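Peer 1: For reference, the chains in residue letters:
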Amino acid sequence: MSSQTQTNSKAVFDDVTWESPLVEAVAAYQGNATEEAAGVILQELPFSTYLNIRGDAEDSKFLTAVKKACGVEVPTKPNTYNYDEKTGHVISWLSPDEWLLIAPRESVAKLEAALRKGFGGLHAAVTDNSHGYTAITINGKNARELLAKGTPVDVSVEHFTTGDCAQSLLAKTNVLMWAETDSQLGVVVRRSFADYLWQWLIHSAQDFGVHVR
Amino acid sequence: MSQYRLPQGGIVNRDAPLSFQFNGKTLSGFAGDTLASALLANGQHLIGRSFKYHRPRGIIGQGAEDPNALVQLGEGSRTIPNVRATQTELYSGLVANSVNCWPSVDFDVMAVNQYASRLLPAGFYYKTFKWPAKAWHFYEERIRASAGLGTIPNEPDPDRYEHVHKHAEVMVVGAGAAGLAAALAASRAGAQILLVDDQAELGGGLLAEQRQINSMSAYDWAKSVEAELRDNPKVQILTRSTAIGYYDHNFLTVVERRHDHLSESDREGVRERLWKVRAREVVLAQGAFERPMIYGYNDLPGTLLAGAVETYINRYAVKPGNKAVLFTNNDNAYSSAMAMLSAGMEVQVVDSRADAEHPLIAQATAQGADVLKGYVVTKAKGGKHVKEAVIQQLTPDGRGVVQDKQQQEVDLIAVSGGWNPAVHLHSHTGGKNRWDDEKLCFVPDSSPQRQVSVGSCNGSFDLYESINEGFAGGLSAAQKLNSTATAELGFIPAAESETADMRVSAMWLVPQNTTPERSPKAFVDYQNDTSAADIRLAVREGFHSVEHVKRYTAMGFGTDQGKMGNINGMAILAEALGQSIPETGTTTFRPLYTPTSMGAMAGSNLDDLFDPIRKTPMHAWHTSMGATWEDVGQWKRAWYYPDASEDMHAATKRESTIIHSNVAVLDASTLGKIDIQGPDAAEFLNRVYINGFKLLKPGRCRYGIMLNDAGFIMDDGVTTCLGENHYLMTTTTGGAAAVLNHLELWLQTEWPELKVYLTSVTDHWATISVNGPDSRKIVESLCSDVDFDSEAFPFMSFQDGTVAGAPCRIMRISFSGELTYEINVPAHMARHVWSAVFKAGEAYQITPYGTETMHIVRAEKGFIIVGQETDGSMTAHDVGYGGMFSSKKEFIGKRSAQRVHLKSPERKQLVGMKPVDGKTVAMEGAHILTNAADVALLTSLPLKEPIKMDGHITSSYYSPVMGHPIALAVVKGGQQRHGEKVMVSDHLGNVCEMEICATTFYDLEGAKQR
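Line order of the protein sequences matches chains Z and A. Mapping to the numbering used here: the first sequence position 148 is 148, numbers consecutive. Mapping to the numbering used here: the second sequence position 124 is 124, numbers consecutive.
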């Protein structure tokens, strides 16, 4: 696969132009503060691979198959994710029989095929939803305060820490939130809601000083 | 220095004088004043006029309980009506005006109402404006014009608001003695705490307290507790924040006022923040409200609650008068007497209890108070301020008064009718209250929440008892979260108590020499002018329930919600009914606790953030093409694309013509798409659709209809077999979420044995629907790895292929009736493919079309739209799709759909319609008359009885390709009535004659789409 240099929300891969759902929004407004001064730094992470995985968490064959195909242990503890630094693969718990694998864009076909092959005769499923989502990182000293304006989930440092994820409302749209560090968080949002959520984040972060990276 | 500001004392900042305006007059006060204390310091008691009689009203309380001290605050777009002066912090440049008076508060024209008050009893409007019924519209307009207090701003609110979620282990509401002690205990026990208080400074009643706590002044003790709490990072303190609602599962709402206390030029950021708090444990320490005394003209300015007088003196260093009568039925009020004496006032105490005895009484007497025991104030005299108190002795049984009267010249009557615990929040979630016969008040009883009430809101009115109870409550809350937690208060408050065992005797309505009806008006609800006589009148007229009496007399309907006088009113009601107070009960305490701005409710949910706007990948392209928008669910869909000169009719005529002649493109990305996988996927589809799916081969597509379990059409769409055990279902745009929920519900609760997984892929795929005779040429030119020959790629099948370099799924399905290739493309690549399609189509005059043209061309083919042709009461038989019913399988709604009447040929059935004149476009929703002759009745309105109708028009358009209007309609027995002419009438009275016909108008054989 030949990939060209990627501008953040618009890029050409294999002669096809990709546009993220935030292609206009990110270009239109860079924030009201410098990166150093901002309480919140927003950045879109476009064009990742998103594979929805379904299966039986109590079936070791299923768990092994996923681990083998993508190199990450399937999290069975609710609202947690596992991350593999080497591959950049993340698996988030979504429900007792549902997970979301996030991976670099290039690996989609390989991962999907590996998972299907690994599942063999198991009752398990993999669905490519890569173009149905985008991710936004929300960093900075006020990142958690910003999320608290829109979600009923307790996103305090004590209750939402590294390795935690949660699905809930943020403003008026469903998201998958994750915590990386005390001041580094992020959300996965459905493509069609992404612009709405971005506008809400920008609006709600004004008083903290917001910078778009 | 005004004559009412004491030379020393108080906690106002005398180094920070502030100037403000009241009714155009410039006055001054200090930082730390409320508007009320600053007005009193300037000798200004008269604040406004009452709601009904326009009687003069003055400051009576010190906080949320005050029904009187309402002002119009601020000017222009930021003006706020009916703000309580007692809760308004003074700031430099504050502008306040009286409400409900014209031309001025001193001379109010409508005050004439009070002289007619005997003619305006409770229920006056109901009784008077009943006849004739027709005239109510006339009356209502005038009554409404004279009603209301302040005025709302007539410009948009310029301020910003926001909502914030907060989680707390222990939430403490109120930072008076009990609340501070509770927070202290929970803090020392290691809990994470949210403490909220509605004032600027923590302390509550301690800010006016003269006694000592732990060998320091109460104020210093409050400050020391605050310092300790602020030192603990696990404690968050919100001041100027009112807990307004308490809901199930310990969910509370709090409004934080962030800059109303600042001069307008200093205000920055959001004005108010609505906190949505979820707490594990809640400690309520809201305090208590003092009750008034109900005697003649007890509403005159210069009448204040005794506790408020004490607060104005001790906290604000303002004496509300010079010569006072203190009228009480309890021991507690004697501390107010002593505060007045220490401020240099003369005090005559009138105590209704002949046998009153308490150390406080002795103390007050020693300090110079004259005490009359067994006496009552029966009447106040004065015009716009009290001038005289009329004092009479109670008869030995306490039920009447002796004839002899003493007249006492006064400029202040301080009243104390006992105290009511603020049980409001406790009651919001269904907490019960219990009548305490000794304390003479309702106190909190059981609560369904993990919650405890402490201090005076629990009926523990003694200061030291409050501290003990608060500390114990805070500790027990912390221990519920961590059973090994401990905390020590470090001193014993009870040892210092000299004020315990305070008593109160009932004095709900002061007896008079005459009956209440013939006595001077004794007000219970000062804001709504509800008097004791009004409550008795309501009882005589048959209103016995406290809730009915409330609504008949308006008692407790004001902005104060009866916080001051309601319990007196209920006691008066109980007496009139000859029953006890607990038997009578209270009205319901509901959120919100105090009036709250609309802005705080709205937060940032305004304009484009009011509701999510869902956008397709082509949204910006549609915008650049000047598309108009149709809202479909939360989606914005392009409606039509007018040229500069076009209206909708012209644009859709152009768009729909070119579909049939050349090629046109629709953004169909919004359709719901559900990926279905698993060995039982085909069986699952068989159970949710009326038609069979087991034989659908990989590569093929099939239209399906889904019923709900009542047998009515729920949704429709095309499902494609992608491979073995793998399907893609499409749903209507608006129905997508509901359909997925419906499918998951059945899968998870009814058919858990089916091995099927459902995943929404609506957002992953964008759909570019290329329609028209030239569509194949365009798609073919962009795609070299698919054989477009109709043998290899027939109608109702799909092919994976590369379009303009992008991996796509091309489907030959059609909602236009034309040859159609629906290119499904991974959404990030959709703009790329969309642009490529338009470039490739230039030679064919390729045109975008929107949902309006989509509607026209599908109606030409008789394709239904679920939700337009169907309304939740239509069956598959009704829309002519009964032939799709599979008899070989069970499916949702099958049994229901087979009920005899659901198959009746008399039901409303879908038909086509065309106007007999060939020109008239009927209105959607227009009715089809059963008897054409009834058209004559339409001209003789009003109708004596409804005209019989056979159905209505569901869709109606001008069809350019047909050259005449077409319509779809549902008509009783319509499938057997093709060719019949009927009369159609809309709600504007337009009538046209139409002919019933088949639903398909264009390309009857369906050759074009194949």
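Heads up, some of the hints might be wrong.
What the hints assert, rightly or not - Simulated pairs of lysine-lysine, BS3-like, Cα-Cα distance not exceeding 27 Å: (1) K68(Z) - K276(A); (2) K234(A) - K141(Z); (3) K117(Z) - K323(A); (4) K172(Z) - K276(A); (5) K944(A) - K134(A).
Claimed, not checked - Covered stretches of chain A, as calculated for chain Z (at least 3 residues, CB under 8 Å): (6) 154-167; (7) 270-284; (8) 456-468; (9) 751-759; (10) 762-769; (11) 804-814; (12) 819-828.
Worth flagging that the hints you see were computed from the coordinates, not collected in a lab. Just so you know, these numbers come straight off a predicted model, no measurement behind them. Glycine residues also receive a C-beta, built at the ideal position from the N, C-alpha and C atoms.
Peer 1: With the threshold set at 27 Å, check whether the alpha-carbon distance from K234(A) to K141(Z) stays at or below it.
Peer 2: 18 Å, holds
Peer 1: Do three or more residues of the region 270-284 of chain A come closer than 8 Å to chain Z, measuring C-beta to C-beta?
Peer 2: holds (count 3)
Peer 1: Next pair to validate is K944(A) with K134(A); report whether the Cα-Cα distance is within 27 Å.
Peer 2: 19 Å, holds
Peer 1: Count the residues of the region 804-814 of chain A whose CB lies closer than 8 Å to any CB of chain Z, then report whether that count reaches three.
Peer 2: holds (count 3)
Peer 1: Within the region 456-468 of chain A, is the number of residues with a Cβ closer than 8 Å to a Cβ of chain Z three or more?
Peer 2: It is violated: at least three residues are needed, and the region 456-468 of chain A offers just 0 whose Cβ sits closer than 8 Å to chain Z.
Peer 1: Verify the proposed pairing of K68(Z) with K276(A), using a straight-line Cα cut of 27 Å.
Peer 2: Since the Cα atoms of K68(Z) and K276(A) sit roughly 44 Å apart, the hinted pair is violated (cutoff 27 Å).
Peer 1: Quickly compare the C-alpha distance for K117(Z) and K323(A) to 27 Å and report which way the hint goes.
Peer 2: This hinted pair is violated, its Cα atoms lying about 95 Å apart.
Peer 1: Starting from K172(Z), check that the Cα of K276(A) is at most 27 Å away, please.
Peer 2: Distance ~15 Å between K172(Z) and K276(A) Cα, so the pair holds.
Peer 1: Check, residue by residue, whether the region 154-167 of chain A contains three or more positions whose beta-carbon lies closer than 8 Å to a beta-carbon of chain Z, and give the verdict.
Peer 2: holds (count 6)
Peer 1: Are at least 3 residues of the region 762-769 of chain A within less than 8 Å of chain Z when you compare beta carbons?
Peer 2: holds (count 5)
Peer 1: So is the region 751-759 of chain A in contact with chain Z by the C-beta rule, three or more residues under 8 Å, or is the coverage claim wrong?
Peer 2: holds (count 3)
Peer 1: Can you take a look at whether the region 819-828 of chain A is actually covered by chain Z? Rule is 3+ residues, C-beta closer than 8 Å.
Peer 2: Satisfied; 3 residues make the cut.
The structure does not agree with the numbered hints 1, 3, 8 stated previously, though it agrees with the rest.
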